[in-house]
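Trainee: Protein sequences appear in the order of chains A and B. To get the numbering used here, take the position in the first sequence, counting from 1, and add 620. To get the numbering used here, take the position in the second sequence, counting from 1, and add 4.
Note that these hints are calculated values from the structure, not bench results. Glycine residues also receive a C-beta, built at the ideal position from the N, C-alpha and C atoms. One should not assume that every hint holds.
Per label pair, the in silico range of CB-to-CB distance [said to hold, decoys possible]: (1) A/Ala762 <-> B/Pro52: 34 to 42 Å; (2) B/Pro110 <-> A/Gly737: 36 to 44 Å; (3) A/Pro673 <-> B/Pro110: 33 to 41 Å; (4) A/Asn629 <-> B/Glu22: 28 to 36 Å; (5) A/Asn629 <-> B/Leu32: 21 to 29 Å; (6) A/Asp632 <-> B/Ala47: 25 to 33 Å; (7) B/Glu35 <-> A/Ala762: 31 to 39 Å; (8) B/Glu22 <-> A/Asp695: 28 to 36 Å; (9) A/Glu747 <-> B/Leu32: 39 to 47 Å; (10) A/Met621 <-> B/Pro23: 22 to 30 Å; (11) B/Ala47 <-> A/Arg765: 13 to 21 Å.
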Amino acid sequence: MAQTTTQANACDIEILLDNGSGTPTSISGSSNRVGFTLNRDVGELRTFQTEWPVRTSCGKSLEVTLGIIYTTASDEGKDIIFDWYFGGNAGTSRTLTLYVPTKNVGSDKLTGEFALGPVSFDGDVSEPGPMAVECTLMSDGAITRSTAAT
Amino acid sequence: MAVYRVLRSLDRGSRIIEPGQIIQIDWLSPENVGRLETVGAVAQVHGPPLVELPGWQLRSERLAGAGITTAVEFLEADSAEVEGRIEAQPGMVDKWKQDVQKWLLPPPPGKRRG
Numbered sequence: 621m622a623q624t625t626t627q628a629n630a631c632d633i634e635i636l637l638d639n640g641s642g643t644p645t646s647i648s649g650s651s652n653r654v655g656f657t658l659n660r661d662v663g664e665l666r667t668f669q670t671e672w673p674v675r676t677s678c679g680k681s682l683e684v685t686l687g688i689i690y691t692t693a694s695d696e697g698k699d700i701i702f703d704w705y706f707g708g709n710a711g712t713s714r715t716l717t718l719y720v721p722t723k724n725v726g727s728d729k730l731t732g733e734f735a736l737g738p739v740s741f742d743g744d745v746s747e748p749g750p751m752a753v754e755c756t757l758m759s760d761g762a763i764t765r766s767t768a769a770t
Numbered sequence: 005m006a007v008y009r010v011l012r013s014l015d016r017g018s019r020i021i022e023p024g025q026i027i028q029i030d031w032l033s034p035e036n037v038g039r040l041e042t043v044g045a046v047a048q049v050h051g052p053p054l055v056e057l058p059g060w061q062l063r064s065e066r067l068a069g070a071g072i073t074t075a076v077e078f079l080e081a082d083s084a085e086v087e088g089r090i091e092a093q094p095g096m097v098d099k100w101k102q103d104v105q106k107w108l109l110p111p112p113p114g115k116r117r118g
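Given these sequences and hints, build the entire structure.
Mentor: As structure tokens, this is what we get:
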């Protein structure tokens with residue numbers, strides 16, 4: 621098979637997260653890492669006198685991990701996440717949209733409602749680079765995948 | 005303008021175009037349409053001659069007089085212009101186009117067309 625020519629890197633990923641007003645806000649300029657896991661709930665069944673289990677599966681979920689730069693401006697990634705957590709509505713899901721690998725036509729668009737999971741921060745005096753915040757968002761309902769066509 | 009079958013959900017910002025639909029992509033540049041084809045989100049439709057569609061013998065003869073012989077040529081054509089050339093009533097060609105689009109859509113799962 622011929623070697624692919626459609627490889628892509630992560631440089632131009634676009635991340636949109638609702639701010640406290642419910643407005644989709646790009647946090648691509650204040651984050652530098654995103655990852656997700658496509659989870660499947662898979663069970664197994666094995667009976668007596670059988671060596672090989674069979675599988676049953678049912679649920680799906682998606683877990684997103686965001687690597688955010690610790691910045692001090694409002695409405696940037698860290699501010700939105702901290703406001704979400706401390707603002708009294710941490711239990712309310714928000715819309716997250718990912719465009720991969722870019723926001724251009726033909727890219728994958730994943731969007732849906734997400735609950736705020738753990739947020740971690742670690743300030744290290746011996747680290748000269750910018751501080752980082754990491755947070756995990758967990759899907760709340762169906763997540764849709766489409767192809768960007770605008 | 006070419007006619008395309010949607011293979012993957014397309015996000016137009018304000019709405020989602022579901023797989024299976026037959027569309028003309030008039031809002032994107034040819035380059036961007038090519039991108040959608042490259043990623044397998046759409047595929048160009050190469051429809052049959054109109055005369056091959058059930059019940060289309062007479063209509064295909066009328067349209068042939070206007071130089072239109074295939075389903076794609078018909079869908080691409082300007083409806084008002086075609087109506088003028090074949091002396092059809094206003095709105096008739098758009099109805100015919102809807103009929104052609106139905107024939108180009110994949111049948112619902114488990115159903116046979118015919």
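Trainee: Each hint: holds or not?
Mentor: These are the hints, each one checked on the structure:
1. A/Ala762 <-> B/Pro52: 34 to 42 Å: Cβ of A/Ala762 to Cβ of B/Pro52: about 37 Å, so the range 34 to 42 Å holds.
2. B/Pro110 <-> A/Gly737: 36 to 44 Å: Holds, at about 40 Å.
3. A/Pro673 <-> B/Pro110: 33 to 41 Å: Hint holds: Cβ distance 37 Å, inside 33 to 41 Å.
4. A/Asn629 <-> B/Glu22: 28 to 36 Å: The hinted range 28 to 36 Å holds for A/Asn629 and B/Glu22, with Cβ atoms some 30 Å apart.
5. A/Asn629 <-> B/Leu32: 21 to 29 Å: holds (24 Å)
6. A/Asp632 <-> B/Ala47: 25 to 33 Å: holds (26 Å)
7. B/Glu35 <-> A/Ala762: 31 to 39 Å: holds (32 Å)
8. B/Glu22 <-> A/Asp695: 28 to 36 Å: holds (34 Å)
9. A/Glu747 <-> B/Leu32: 39 to 47 Å: holds (45 Å)
10. A/Met621 <-> B/Pro23: 22 to 30 Å: holds (26 Å)
11. B/Ala47 <-> A/Arg765: 13 to 21 Å: Roughly 18 Å apart at Cβ, these two residues keep to the hinted range, so it holds.
Checked against the numbered hints above, the structure breaks none of them.
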